[in-house]
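A.B. asks: Sequence:
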Amino acid sequence: MAGSGGGAKEDTFNVLDLAEYTKNRPWWRKIFAPSSGSSAEKYNVATQLVIGGVTGWCTGFIFQKVGKLAATAVGGGFFLLQIANHTGYIKVDWKLVERDVNKAKQQLKFHSSGNKMSPEVKSKVDEVIIFMKKNVILTGGFAGGFLLGMAS
Numbered sequence: 001m002a003g004s005g006g007g008a009k010e011d012t013f014n015v016l017d018l019a020e021y022t023k024n025r026p027w028w029r030k031i032f033a034p035s036s037g038s039s040a041e042k043y044n045v046a047t048q049l050v051i052g053g054v055t056g057w058c059t060g061f062i063f064q065k066v067g068k069l070a071a072t073a074v075g076g077g078f079f080l081l082q083i084a085n086h087t088g089y090i091k092v093d094w095k096l097v098e099r100d101v102n103k104a105k106q107q108l109k110f111h112s113s114g115n116k117m118s119p120e121v122k123s124k125v126d127e128v129i130i131f132m133k134k135n136v137i138l139t140g141g142f143a144g145g146f147l148l149g150m151a152s
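Residue 72 in this note's numbering sits at position 72 of the sequence shown; the count goes up by one each step and never skips.
No wet-lab data here; the hints were simulated from the structure. It cannot be assumed that every hint is accurate.
As the list claims (entries may be wrong) - Derived EDC-like pairs (lysine to aspartate or glutamate); straight-line CA-CA distance at most 20 Å:
hint, residue 1, residue 2
1, K105, D93
2, K103, D93
3, K116, E127
4, K116, D126
5, K109, E98
To be verified - Estimated spans, in silico, between C-beta atoms of each pair:
hint, residue 1, residue 2, range
6, L69, Q107, 27 to 35 Å
7, L80, L147, 27 to 35 Å
8, M132, V15, 31 to 39 Å
It should be emphasised that the depicted structure is a prediction, and the values quoted were computed from it without experimental measurement. The beta carbon of each residue, even a glycine, is placed where N, CA and C say it ideally should be.
Can you build the whole structure from these sequences, using the hints too?
C.D. replies: The following block contains the structure:
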């Protein structure tokens, strides 16, 4: 390989041990892409699942409680309006309500027929998708915890 001449230099090669290289790379990196790293990767899988699960459960629990409160408030308000209408405290112009509802339906049909997302919404959706791809384990834990929080 190397000549015994004065100006010849030896070729040196770095040896890459693939077994050692794959031990240091997480499995989700191999599946989703080499550039899918995130700040959550500094934690192990169990920690990511626990963090995602706990935050998901808290979010689901609060979402459930707020949802029940909102449903109670809307239902109670509607009930009180019906009682007030029945007893004569207020009068509802049902023809005006029907006309406004039909106008709102037409506007919804007009806006939904285009199926075009605004650039701001599209960029936010893209950011969420990228985050979910980079944090698959954390996102999975959050989804599971959210469903458990909604059920409890």
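A.B. asks: Going back to the hint list, which numbers does this structure go against?
C.D. replies: The structure breaks none of the hints.
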